[in-house]
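Trainee: Each chain, letter by letter, is given below.
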Amino acid sequence: MTNRVRYFRFVKAEISQAALAERVGVSRQTIVAIEKGNYNPSVELALRLAAVFGVTVEQLFQLEAGGGDED
Amino acid sequence: MKTKYSWLNPRTKPVPWISGTLVLLGFLLANGTRSETWWWAILLTGLGAFGPGLLRELGWLRDKDEFQIQASRRAGYHAFLAAGLVSFLWIAFIRSGPRHLKAAEELATFFAALLWFTWLFSSLVNYWGARKTSFRLLLIYGGAWLLFCIASEWMHPLGMLMQSLITVPFFACAWLSRKWPRMTGALLLAASIFFFVLLSRLHQQRGLGLVTSATTMILFIGPLFASGIALMAERVSEERPLAV
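Taken in sequence, the protein lines are chains Z and D. With my numbering as the guide, the letters of the first sequence map in order to residues 1 to 71. With my numbering as the guide, the letters of the second sequence map in order to residues 1001 to 1244.
Treat the hints as calculated values from the structure; they're not laboratory data. Since the model is a prediction, treat every value here as computed from it, not as a measurement. All residues carry an ideal CB built from backbone N, CA and C; glycine is no exception. Mixed in with the good hints, there may be bad ones.
[Stated by the list, open to error] With beta-carbon atoms standing in for the labels, derived distance ranges: (1) Z/Ala13 to D/Leu1029: 44 to 54 angstroms; (2) Z/Asn40 to D/Gly1046: 27 to 37 angstroms; (3) Z/Arg23 to D/Leu1058: 52 to 62 angstroms; (4) D/Thr1021 to Z/Asn38: 43 to 53 angstroms; (5) Z/Val43 to D/Thr1021: 35 to 45 angstroms.
[Unchecked claim] Cut-off 30 angstroms, straight-line C-alpha distance, at most; resulting in silico cross-link-like pairs (DSSO-like, lysine-lysine): (6) D/Lys1064 to Z/Lys36; (7) D/Lys1179 to D/Lys1132; (8) D/Lys1064 to D/Lys1013; (9) Z/Lys36 to D/Lys1179; (10) D/Lys1013 to D/Lys1179; (11) D/Lys1179 to Z/Lys12; (12) Z/Lys36 to D/Lys1013; (13) Z/Lys12 to Z/Lys36; (14) Z/Lys12 to D/Lys1064; (15) D/Lys1132 to D/Lys1064.
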């Protein structure tokens, strides 16, 4: 899975990792791990992140090619 | 807004400090006085080490977020695997012939060291990644040896300098681990095997028991060996562009 958390953090919210972590109720380490792709957040955390940036979860997180259902 | 308490990081949680204090206090008090051993102090160490985890599993302590909980559980699983595998190796070894344990406490200490080391290393790799963990561990190793060399030979500058040269490979590997992690991983594995053979012979010459020897190996060679494995196993991460 890939994500655009770092992109939206810089472009949309212009906040630091620490500030984002505080807003969604996790540690800065968690935000770092998500941005590096080392951790896939829970649905609840993904929804909170999307709410901070004002985007949908699908805009924030995407399955890598070959990882989802194909018609 | 800055207050007079601003120097105290609001994100600092008290639990690690409390548990760390209990662990340290337990170790320091365990020897007790000359006439009496304060065996109960060891319980403090166990309480400090495992108490917070038990409270978290019971749901009475909620100081970690989902990523930290997952990292802790993964580290616990790794410690379980390591201790489980070694347990069976030990049983097979004991049954392979007549064996005599010098002190039962040594075996418990050995497993405690194995559990603790595996858990700690796995946690660090989860939080920092293999490269950063190996880099910092190697710096700590080199720094600790350097301090030891200075403390033991400070009155003999030439001797101090010669002994300090031993620390150069550690600092070199720390630097190399950032540039060429897999090659450094292979180097560390080779160094682990070398130190294992060297320490085995030293311990044999000094008549140290197998358990004491194994515990020393875990604490001394374990970090080098584990860093080597972690560096070689790390996936090569590709640089992702900021804007997709």
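Trainee: Next, verify each hint and record whether it holds.
Mentor: Each hint, compared with the structure:
As the Cβ distance of Z/Ala13 to D/Leu1029 is approximately 50 angstroms, the hint placing it in 44 to 54 angstroms holds. Separated by about 34 angstroms at the C-beta atoms, Z/Asn40 and D/Gly1046 satisfy the suggested range of 27 to 37 angstroms. Between Z/Arg23 and D/Leu1058 the beta carbons are some 29 angstroms apart, a value that contradicts the proposed interval 52 to 62 angstroms. In this structure, D/Thr1021 and Z/Asn38 break the distance hint of 43 to 53 angstroms, their C-beta atoms being roughly 31 angstroms apart.
One distance hint, 35 to 45 angstroms for the beta-carbon pair Z/Val43 and D/Thr1021, holds here, with the actual separation near 38 angstroms. The hinted pair formed by D/Lys1064 and Z/Lys36 meets the criterion: a straight-line CA distance of about 20 angstroms does not exceed 30 angstroms. A threshold of 30 angstroms between alpha carbons decides the hint, and for D/Lys1179 with D/Lys1132 the separation of about 11 angstroms falls inside it, so the pair holds. Of the supplied pair hints, the one linking D/Lys1064 and D/Lys1013 holds, its CA atoms being roughly 10 angstroms apart against a limit of 30 angstroms.
Taking the CA atoms of Z/Lys36 and D/Lys1179, the gap is about 19 angstroms. The hint holds against a cut of 30 angstroms. Simply put, D/Lys1013 and D/Lys1179 have alpha-carbon atoms about 34 angstroms apart, too far for the 30 angstroms limit, and the pair is violated. This hinted pair does not check out: D/Lys1179 and Z/Lys12 have alpha carbons roughly 34 angstroms apart, beyond 30 angstroms. Restraint check for Z/Lys36 and D/Lys1013: the C-alpha separation of about 25 angstroms stays at or below 30 angstroms, so the hint holds.
Using a Cα cut-off of 30 angstroms, the hinted pair Z/Lys12 and Z/Lys36 holds, with the two alpha carbons roughly 19 angstroms apart. Restraint check: the Cα-Cα separation between Z/Lys12 and D/Lys1064 comes to about 28 angstroms, which is no more than 30 angstroms; the hinted pair holds. Of the pairs offered as hints, the one joining D/Lys1132 and D/Lys1064 holds, with about 22 angstroms between alpha carbons and a cut-off of 30 angstroms not exceeded.
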